[in-house]
Amino acid sequence: MNAELSSKTRWGRSRFGGGTALLIGISLIAGAALALGAGLLFAKLNAPQNPVFATLIMAAALWPILSVIFWVLLVDRNTVRGSLRNPEISIEGQWHDEAVVKVFQDLMIICGLGAAVFSFINVQASVSLVLTGVLLLTGADFILRYFLIKRAQS
Amino acid sequence: MQSNLSEYRKDRGISQQALADLLGVSRQTIISLEKGRYDPSLPLAFKLAAQFNCRIEDLFIPEDL
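Here the protein sequences line up with chains A and B, keeping their order.
Offset between the first sequence (1-based) and my numbering: plus 108.
Offset between the second sequence (1-based) and my numbering: plus 19.
One or more of the hints may lead you astray.
Unchecked claim - Label-pair restraints from in silico Cβ distances:
id: 1; chain 1: A; residue 1: L244; chain 2: B; residue 2: D58; range: 31 to 37 Å
id: 2; chain 1: B; residue 1: E82; chain 2: A; residue 2: V209; range: 20 to 26 Å
id: 3; chain 1: A; residue 1: I173; chain 2: B; residue 2: I75; range: 42 to 48 Å
id: 4; chain 1: B; residue 1: I75; chain 2: A; residue 2: V225; range: 24 to 30 Å
id: 5; chain 1: B; residue 1: L41; chain 2: A; residue 2: F161; range: 55 to 61 Å
id: 6; chain 1: B; residue 1: D83; chain 2: A; residue 2: V176; range: 45 to 51 Å
id: 7; chain 1: A; residue 1: D214; chain 2: B; residue 2: D30; range: 22 to 28 Å
id: 8; chain 1: A; residue 1: V176; chain 2: B; residue 2: L41; range: 31 to 37 Å
id: 9; chain 1: B; residue 1: E82; chain 2: A; residue 2: D205; range: 19 to 25 Å
Said to hold, decoys possible - For lysine-lysine, the following PhoX-like pairs were computed, each having C-alpha atoms within a straight-line distance of at most 25 Å:
id: 10; chain 1: B; residue 1: K29; chain 2: B; residue 2: K54
id: 11; chain 1: A; residue 1: K210; chain 2: A; residue 2: K258
id: 12; chain 1: B; residue 1: K54; chain 2: B; residue 2: K66
id: 13; chain 1: B; residue 1: K29; chain 2: B; residue 2: K66
id: 14; chain 1: A; residue 1: K258; chain 2: B; residue 2: K54
id: 15; chain 1: B; residue 1: K66; chain 2: A; residue 2: K258
Just so you know, the hints here were simulated from the structure itself, not pulled from any lab data.
All C-beta atoms, glycine included, are put in the ideal place defined by N, C-alpha and C.
My request is simple: use the sequences and hints to build the entire structure.
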């Protein structure tokens, strides 16, 4: 047990081998490369008059997000400190599943009511802005639902 | 669901954390099982029964039976 605990680290190790430093390094480099590519594409499509500045701003905004996504894809979950061997049969898994169902129901109600209300009111909004709002709302709703379920069942 | 898990665990002299580690679940799972606030999935119930070398019915008793 102690050997198992000591082999786990805060950021874990790659599922393809190597240590924590290698995993973090690859995640950061891959995140930077993809962020730079996305920045170049964004600048070409949206800011051809100032491409360098637009590329850097977009790449800087995307770098941390894409690096985390690469880390999630590459990490061996069992090497992360505090991870459970069988999360699917733990009570936290049940709280997660119940929260997901509640969030889905909330989204159906919110999107349905929103669609009905805004069919009467003419509001123009950017699709990316609306989707970002829905994403943030979903995340916040999940956190709230999860902790309400946890409090009720603990 | 009523649970005899606490008695079985204490008879074996195992802590909640040690049992959780043996099963690969969180300590909160063991606490909730013992309080009867969490009905275990079949895989977890079988793991517990195997751990204590008993039947699932010895560990958990449905309240409506």
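Tested hints:
At about 34 Å, the CB distance of L244(A) to D58(B) agrees with the hint of 31 to 37 Å. Here the CB-CB span from E82(B) to V209(A) is close to 24 Å, well matched to the stated 20 to 26 Å. Taken as a hint, the range 42 to 48 Å holds for the pair I173(A) and I75(B), whose Cβ atoms sit roughly 45 Å apart. Checking the proposed 24 to 30 Å range against I75(B) and V225(A) shows it is violated: the Cβ atoms sit about 51 Å from each other.
Taking the beta carbon of each, L41(B) and F161(A) are about 57 Å apart, inside 55 to 61 Å as hinted. At roughly 46 Å, the beta carbons of D83(B) and V176(A) sit within the given window of 45 to 51 Å. For the hinted restraint 22 to 28 Å between D214(A) and D30(B), the CB-CB distance of approximately 45 Å leaves it violated. As the Cβ distance of V176(A) to L41(B) is approximately 32 Å, the hint placing it in 31 to 37 Å holds.
The beta-carbon spacing between E82(B) and D205(A), approximately 23 Å, falls within the hinted interval of 19 to 25 Å. Taking the CA atoms of K29(B) and K54(B), the gap is near 14 Å; set against the 25 Å cutoff, the hint holds. Between the alpha carbons of K210(A) and K258(A) the distance comes to roughly 13 Å, so the proposed pair stays at or under 25 Å and holds. Among the hinted pairs, K54(B) with K66(B) is consistent with the structure: their alpha-carbon atoms are about 18 Å apart, no more than 25 Å.
For the suggested pair K29(B) and K66(B), the alpha carbons sit about 17 Å apart, so the restraint of at most 25 Å is met. In summary, the hint linking K258(A) to K54(B) is supported, as the alpha carbons are separated by about 14 Å, within the 25 Å threshold. Between K66(B) and K258(A), the direct Cα distance comes to roughly 24 Å. Compliance with the 25 Å bound is thereby established for this hinted pair.
In this structure, the earlier hints numbered 4, 7 are contradicted, and the remaining ones agree with it.
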